[in-house]
Structure formats: structure tokens, C-alpha cells
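Undergrad: Taken in order, these protein sequences are the chains called A and B. Counting in numbering that gives the first Met the number 0, the first sequence tops out at residue 229, every number present. Counting in numbering that gives the first Met the number 0, the second sequence tops out at residue 287, every number present.
Note that these hints are calculated values from the structure, not bench results. Note that the structure is a prediction, hence the values are computed from the model and not measured. Mixed in with the good hints there might be a few duds.
What the hints assert, rightly or not - Partial pick of chain B residues on the chain A-facing surface, computed with a CB cut under 7 Å:
{"id": "1", "residue": "A159"}
{"id": "2", "residue": "G161"}
{"id": "3", "residue": "V176"}
Glycine included, each C-beta is placed from N, C-alpha and C at the ideal position.
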Amino acid sequence: MLRVRELCAGYGRARVLFGVSLEVAPGSLVCVMGRNGVGKTTLLNTIMGVLPATGGEVVFDGQEITRLAPHERVRRGLGYVPQGHETFPQLSVMGNLLVTLEASPHRDPAAVEEALEVFPRLKPLVKKRAGFLSGGQQQQLAIARALVTRPRLLVLDEPTEGVQPSIVQEIEEAVERLHAGGLAVLLVEQYLDLAVRLADRFVILDAGRVVHAGEAAELGGEEVHRLLAV
Amino acid sequence: MGAVINQLPIGLSIAAVLLLIALGLTFTFGQMGVINMAHGEFIMAGAYTAYLLQDWAGRQAVPVALPVAFVVAGLMGLVLERTLIRRFYGRPLDTLLLTWGVSLLLQQLARDLFGAPNVQVRAPEFLEGGLGVLPYNRLFIMALAAGGVLAIWIYLNRTAQGRRMQAVMQNRQLAAVMGIDTGRVDMRTFFIGSGLAGVAGVALTLVGPVGPALGTYYIVDAFLVVVAGGLGALRGAVAAALALGLLNSYAEFWTDASLAKVVVFAAVIAFLQVRPRGLFVLRSRALT
Chain A
0 MLRVRELCAG YGRARVLFGV SLEVAPGSLV CVMGRNGVGK TTLLNTIMGV
50 LPATGGEVVF DGQEITRLAP HERVRRGLGY VPQGHETFPQ LSVMGNLLVT
100 LEASPHRDPA AVEEALEVFP RLKPLVKKRA GFLSGGQQQQ LAIARALVTR
150 PRLLVLDEPT EGVQPSIVQE IEEAVERLHA GGLAVLLVEQ YLDLAVRLAD
200 RFVILDAGRV VHAGEAAELG GEEVHRLLAV
Chain B
0 MGAVINQLPI GLSIAAVLLL IALGLTFTFG QMGVINMAHG EFIMAGAYTA
50 YLLQDWAGRQ AVPVALPVAF VVAGLMGLVL ERTLIRRFYG RPLDTLLLTW
100 GVSLLLQQLA RDLFGAPNVQ VRAPEFLEGG LGVLPYNRLF IMALAAGGVL
150 AIWIYLNRTA QGRRMQAVMQ NRQLAAVMGI DTGRVDMRTF FIGSGLAGVA
200 GVALTLVGPV GPALGTYYIV DAFLVVVAGG LGALRGAVAA ALALGLLNSY
250 AEFWTDASLA KVVVFAAVIA FLQVRPRGLF VLRSRALT
């Protein structure tokens with residue numbers, strides 16, 4: 000479904016990614032892991048088109064999308080939840096969901112209800128300004144907002160970072176449910192235990208390169224521990 | 000006391016014109032970080048649109064010119080954004096110089112097309128006379144600004160396009176990865192913002208002559224309104240335009256035109272010491 004081949008990217012002269020390749024099969028959950036600063040967020044930003052790729056290619060559903068603008072990638076079925084529970088702070092929770100719905104190709108209002116079903120905690124808050132929600136609620140909103148476009152691949156960047164424990168659990172369960180329902184997920188996650196519970200496959204990055212990749216069963220192994228230890 | 004009251008409609012109508020000009024600026028500045036020095040020339044273009052329409056519409060030129068000037072100035076803004084400003088995105092100082100150059104070019108173009116001397120636009124009959132101290136032409140300008148604010152408010156808060164515009168203004172990168180075509184939103188913002196400047200230009204023909212440098216008299220004050228009101232804040236623009244318009248006209252009345260400018264600048268500088276980000280700051284927990 001998603002194939003990333005030899006992807007290179009960076010910020011100005013500072014190169015961050017040196018030929019990253021990975022694949023997400025339909026309906027699978029792939030977890031990208033690695034220490035801070037190894038290029039995980041840069042990889043997702045390049046896949047989404049926020050950063051231009053300086054080499055390699057991104058193929059989605061058999062079509063190359065390496066040079067497409069971000070909004071065109073969303074229209075093809077990629078849904079992105081960026082790092083740091085970002086919202087449109089002055090819009091209401093409903094406004095955040097609607098603005099995404101109106102930009103989506105299907106524009107089916109039922110998608111808003113479906114997204115709110117995933118995080119019922121948001122339902123009483125729909126009229127509130129997104130900027131006044133707690134970090135965890137904002138993260139739930141960010142995921143719900145990506146779901147409104149009915150993506151076929153959900154790209155999540157550290158969805159549990161800086162979120163209160165009670166909501167971490169809810170987010171984990173939601174991701175699990177979505178995945179069980181057939182949605183493909185590309186997840187960046189720092190915490191091994193969460194990755195072990197959720198992932199089908201994993202990829203470990205170090206200094207902008209893939210240093211290890213494998214099935215979830217291997218995640219408990221020595222090699223993985225060594226690569227992730229700080 | 001009589002003088003104070005007589006001066007009121009003048010101050011309010013200046014405030015109204017400033018508001019129409021500043022509305023466009025606050026959105027192009029707030030959404031795109033673009034300081035468009037050529038915005039003043041869209042005012043001039045609107046005023047000359049009314050002047051040209053006199054040949055065809057006679058004394059009804061002003062009402063006829065309102066929608067026409069909106070489109071003319073809007074298209075000028077659109078072309079400027081597409082051809083030049085877009086290429087300088089994220090470089091505010093370069094954009095400032097660039098649009099200043101465009102502003103000088105447009106002024107010269109107007110001089111070549113219409114001549115350097117000022118021209119007049121005759122007001123329609125129904126705007127002659129007035130209600131006591133309130134001349135109809137100044138009332139008309141105030142109504143125009145009120146209508147403009149209302150229209151923008153409805154656009155921003157009740158339409159899908161307006162919601163998209165707010166989203167881009169609040170978080171451009173997030174808007175892009177949520178599927179919003181930010182380039183299109185920028186175009187639309189520029190069209191509407193520039194169009195409002197054109198409408199302001201038509202309004203100005205009711206209270207004074209039209210010349211190639213018309214825009215330069217108002218652009219600085221309009222920027223003051225934007226800075227004092229807070230970026231992208233509708234309420235702030237309204238409050239700041241009222242304050243500056245009234246202050247300007249009373250200071251001018253009690254002193255003279257140049258001293259009045261000193262008073263206004265001093266007031267804005269003093270105000271910004273207290274509220275460096277303007278009257279209404281867009282605040283949220285997300286930004287902390």
C-alpha cells in the first residue's frame with residue numbers, strides 16, 4: 000500500500016534521512032522506532048510532503064506521490080496526525096473536524112459522527128475552542144480529525160507523547176480498534192511496550208538510516224534493546 | 000461643544016475607511032505574513048474605477064462602482080499574489096521592498112493614464128444633504144464599513160471557505176496536511192482583502208478628490224490599525240480603526256495636519272508599550 004524507497008531529505012544543508020526504505024502492507028501496523036533525533040518525524044513529514052524529498056520515492060497504491068503537495072496526498076487517502084497534538088486553536092472542536100471534512104474528497108457529514116464515536120470523550124466538547132482542551136483531548140481531536148477524511152493509511156507521530164496516562168490508554172485502544180477494523184497504520188513510537196502490543200512489523204532508525212526491521216515477535220530481542228537504549 | 004459634535008462624523012467616516020483598508024491588510028498580513036505596501040494602490044484603483052464609470056453611469060457612478068471596484072482591485076491583488084508575492088513567501092523584508100516597488104510603479108501608471116492632477120467624482124443625488132450634523136455621504140461610508148465587517152464576519156464564521164481561511168491563518172502547515180489547498184486559500188484571501196481596499200477607494204471619492212497618490216495617505220494609518228488591533232483579529236481592527244480615526248480627526252481639528260500625525264504616532268507607540276501584540280491577541284493553551 001505504501002512503499003518508501005531510498006528516501007533522502009533534510010533541512011537546508013543539514014541532511015537527516017540517508018536512503019530510508021520501508022513498506023506498509025494493506026491493513027498492517029508498522030511501527031517506526033528509534034532514539035530522539037534519528038529522523039522519525041522527518042521521515043513522516045517527507046512522506047506527507049511537508050518536507051521535499053531530495054532523493055528516493057514514495058509510492059502509495061502503486062502511484063508515485065513523491066512530488067505531490069500535502070493536500071493532494073491527503074486526497075489520495077493518507078491521514079496524518081502530526082507530533083505535539085496540534086489543533087486549529089481558535090476553531091471549535093467541531094470546526095476542527097468540519098474544516099477537514101470540507102477539504103476531503105467524500106464530504107460525507109457522517110464521517111464526523113464516526114470520528115467522534117472513536118473518542119466519545121470529545122462529544123460533550125464539540126462547541127469548545129480546541130485551544131482550551133487539555134493536551135490529551137487535543138491529541139484525541141487530532142486523531143479524530145485525521146479520521147474524518149476516511150484515510151486508508153493513518154500516519155501517527157508519537158500519539159501518546161505528553162499525554163496524561165488515562166488518555167494514553169484510550170488512544171492505544173482506539174488505534175488497536177482502528178487497526179483491527181482493517182485500517183493500515185504507520186506509527187512513530189518511542190515506547191517499546193506500546194509498540195510490542197500494537198505493531199505487526201517494526202523498523203528501527205538510527206542516524207537517518209534503517210538499522211533493523213522485522214516482525215513484531217522480534218521486538219523483545221537483545222538486538223532491539225541495544226539499538227533503542229539511550 | 001458644537002465643534003466636537005461637528006467633527007464626529009468626519010472622525011467616524013475616516014475610521015470607517017481605515018477599517019475597510021485594514022480588514023484586507025490584517026488578513027493578508029495575519030495569514031501570510033506579507034506586508035503588502037501596494038495595498039494603498041488598490042484603494043487608488045478603486046477610486047479611479049468610480050471616476051471612469053462616470054462616463055457610463057453618470058451620477059450613479061459611486062454605487063455602481065462598489066462591486067466593480069471590488070473585482071478590479073481584487074483581481075489586481077490576485078495577480079500580484081500569483082506572480083510576485085508567492086515567490087517571496089517567508090521573506091517578509093524582501094516582500095516589503097518588492098511591493099513598495101510595485102506601489103511606485105502603479106502610482107506612475109496612474110499618472111500616465113489619468114494625469115497627475117486630481118480628478119473629481121460627483122456624488123449621487125441621494126447622498127446630498129444630511130441629517131442634522133450627519134452628512135449622508137459620511138453616513139453612507141459608515142454603513143459601507145459596517146456592511147463590510149458584517150460580511151467578513153459571516154464569511155469567516157459561517158462558510159466553509161471562511162473556516163478554511165481561519166485554519167490556514169492559525170496553523171498553515173497543519174492545514175496543508177489536513178488536506179487544505181493552502182495556495183487556493185491564499186489566492187482567495189488576497190482577492191477579498193484587495194477588493195475591500197477597492198471598495199474603500201470608492202468610498203473616498205465621496206469625501207475628497209482622486210489622485211495617483213491617494214493610497215499613500217491611508218496605507219500607513221491602516222498599518223497602524225492592524226498593529227494596534229492585533230493580527231487577524233476582527234474585533235481588534237474595528238476598535239483600533241475607531242480609536243485612530245477619531246483621534247486623527249480631533250487632533251487635526253485642534254492642532255494641524257502634521258502635528259496630528261505626531262499625536263497619532265505617539266499614541267500608538269505608547270499603546271504598544273502596554274500591549275505589544277495589539278488589542279486582541281489570539282491566545283490558546285496550544286501555544287504555550
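Undergrad: Of the hints given before, which are not true for this structure?
TA: 2
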